[in-house]
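> So you can see what is in the structure, the chains are spelled out below.
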Amino acid sequence: MEAAGGRAPQAGASAIQDRIGAARSRLADREGFLGPMFLLPAVVYIVGLVAAPFFLALLFSFSDVTTGDPSLDLVGLRNFRSIFRDPIFWQSLRNTLVFTTVSMVLTIILANLLALILTSEFRFKRLIRFFVLLPWTTPVALSAVAWLWMLHSLFSPIDWVLRWFGFIEANVYWLGKPALAMASVIAVHIWRIVPLAAVIIMAGLAAIPDDIKEQARIDGAGFWRTFWEVRLPLTRPVIAVAALFGAILTFSDIAVVFVLTRGGPVNSTQVLPSYAFFKGIQAGSLAEGAAIALFLFPLLLAAAILILRSVRKMEIF
Amino acid sequence: MALVVEVRNLRKSFDHGHVRAVDGVDIETGPGEYLVLLGPSGCGKTTLLRTIAGLEEPDEGEIHIAGNLVNRLPPRAREVAMVFQSYALYPHKTVLANIEFPLKAEDIDKPERRRRAEWAAELLGIGHLMSRKPRHLSGGERQRVALARALVREPAVFLLDEPLSNLDAKLRASARDELKQFQQRLGTTTIYVTHDQAEAMGLGDRIAVMDRGKVRQVGPPKDVYLDPSDTFVATFLGSPPMNLIPRGDHLVGFRPEHFLPADLVAGDGSRLTVHFAVRRVEYLSGDRHVYGTVTELGEETRVIARLPATAETPIEVGESHEFAVHERDLRFFDAESGERTSPRPVRA
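The listed protein sequences correspond, in order, to chains A and B. Using the working numbering, you'd call the opening residue of the first sequence number 1 and step up by one each time. Using the working numbering, you'd call the opening residue of the second sequence number 1 and step up by one each time.
Just so you know, these hints were derived from the structure itself, not from any lab. Do not rely on the hints blindly, as some may be mistaken.
A few chain A residues that don't get close to chain B, going by computed Cβ distances all over 12 angstroms [to be verified]:
1. Arg126
2. Trp160
3. Gly176
4. Ala203
5. Leu232
Simulated restraints on C-beta separations [stated by the list, open to error]:
6. A:Ala15 x B:Glu316: 57 to 65 angstroms
7. A:Lys313 x B:Leu73: 48 to 56 angstroms
8. A:Ala206 x B:Glu316: 46 to 54 angstroms
9. B:Pro74 x A:Thr101: 52 to 60 angstroms
10. B:Leu73 x A:Ala183: 54 to 62 angstroms
11. B:Arg344 x A:Ala15: 54 to 62 angstroms
12. B:Pro74 x A:Lys313: 29 to 37 angstroms
The model shown is predicted, which means the values in this text are computed figures rather than measured ones. Glycine residues also receive a C-beta, built at the ideal position from the N, C-alpha and C atoms.
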């Protein structure tokens with residue numbers, strides 16, 4: 001075949017040299033300058049809104065600061081000794097563990113189910129996905145207020161429906177009895193975070209190559225065998241990440257408890273974050289509040305490191 | 001001959017009928033046959049294979065496997081085994097667990113599963129890899145695991161979707177040879193999809209050439225190559241493809257290797273000699289590909305001649321040479337439809 005056009009316009013070696021020399025390296029071409037510039041906002045954010053408050057809280061927990069007396073004197077472990085003597089602290093710790101464990105187990109099961117449903121083919125799939133995600137996108141204060149009404153002792157629509165069907169005769173007082181209040185708090189929290197967990201797991205399911213799912217069909221595996229032997233093992237790392245995020249969000253969640261029960265009745269739904277808030281801000285004992293809030297930090301850190309490390313070992317592809 | 005797979009008037013379209021992937025295909029294959037579906041990408045060969053496997057539901061037509069209508073059956077009930085282009089090994093399972101998986105799905109007990117998995121692994125020479133995970137295997141080893149998993153169920157038919165395209169070029173030739181030996185030893189009917197004509201020619205007992213959802217021609221490799229049924233088959237097969245010269249209402253075709261310097265073509269009375277104006281010469285590991293134009297056979301057309309290494313005639317760009325083609329090597333096609341037609345007189 002012949003060359004399509006003629007030769008390139010005569011440029012000459014010296015002209016090219018001039019052109020190369022003309023373009024100077026600009027500031028935006030220098031990685032040594034650009035790298036730190038791009039990192040800066042994130043660093044400012046983390047230092048200002050995460051690191052500084054954290055170290056402040058650490059400092060507070062070893063001091064005698066109160067909202068009425070901001071002068072800071074170090075008092076060693078006095079705050080920790082004091083909260084360890086406090087029965088409500090131990091109850092809050094127990095409640096936190098129950099709240100987190102039960103929420104997490106149910107969330108992971110429900111999120112898996114939801115992910116399976118949402119990844120299958122059906123009509124109006126996008127619309128339904130959108131609705132399912134709503135609880136996560138609604139501001140928690142707003143949705144918790146809605147739930148407050150749903151679970152109201154007099155006007156609860158849930159009670160109304162149950163009454164109408166004849167399941168109950170009088171209102172249940174969802175938030176008025178210790179066990180029911182805890183169950184309600186857990187239910188609302190699950191309602192809130194299941195969509196997030198489901199989306200994370202759906203991403204994991206979508207990452208399984210189609211070939212492998214089809215191979216399982218060719219190999220004669222039915223729905224359950226495919227689920228247990230192919231889908232679940234291949235999404236395990238993602239599920240672990242979802243559980244980790246969920247657990248940390250649950251451990252540190254204050255909104256649901258605060259809006260629904262304020263820790264009541266009689267501290268039966270009091271969790272560490274809410275107790276830290278009541279103690280430190282409302283009762284003014286900043287130092288003790290900080291000690292309560294920080295109590296779980298070493299445990300959470302250890303759990304996070306453990307989970308992330310096992311996720312890395314689980315790499316499968 | 002009892003048919004293993006029989007496909008009748010199969011149609012399958014996507015996007016609400018906008019894309020007709022398989023557009024009325026009839027094809028069948030008998031016991032032990034190696035049938036290759038060959039065509040360019042997008043010709044519907046993979047869709048056809050997937051429909052036979054049961055991964056796609058046909059819009060129309062019938063699929064019979066071992067005499068049973070299987071249209072409504074799920075893949076697991078069809079007695080088919082498929083090897084995907086990617087091999088689709090379960091990444092979290094060991095080689096042994098991968099091979100055993102189809103048997104597990106059939107609820108075969110453990111000792112029997114183990115026995116058959118080991119038989120399949122031995123057959124493919126991967127017995128020593130049983131406890132490895134797929135990510136620690138080479139491409140060739142992965143392919144064998146995928147084959148072992150396919151054969152462990154002793155299916156009625158193997159469906160292979162471009163199983164060699166993930167191997168590097170060097171490995172491909174030896175893997176092709178092994179694949180053929182393996183199938184001959186087992187005698188299992190195989191349908192093999194590829195876009196690579198060398199694979200198709202080398203492996204197939206018969207080749208089905210597909211284009212735009214239709215089967216253009218089915219036949220043994222030699223027939224398909226030497227007697228193409230239309231211009232698509234004529235130009236898709238062969239490298240370089242068949243030369244086609246427009247001449248009135250028809251096209252005259254001949255293969256580049258049949259178009260040689262006149263002194264190398266035997267038979268004075270039955271050969272056709274023309275002037276060949278050489279524009280470019282490519283030297284390709286022994287063979288020479290000579291590009292040029294011919295005016296005497298019809299309209300002035302660019303044609304290619306493929307000279308074997310044994311043809312030492314010096315040829316330079318810009319020269320005009322006496323080239324010839326034997327009359328028995330000429331093929332004729334309708335200019336309008338591209339279909340093969342009866343021979344026409346070429347001397348005038």
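> When the hints from earlier in the document are held up against this structure, which numbers fail?
Violated hints (numbers, rising): 5, 6, 7, 8, 9 and 10; every other hint is consistent with the structure.
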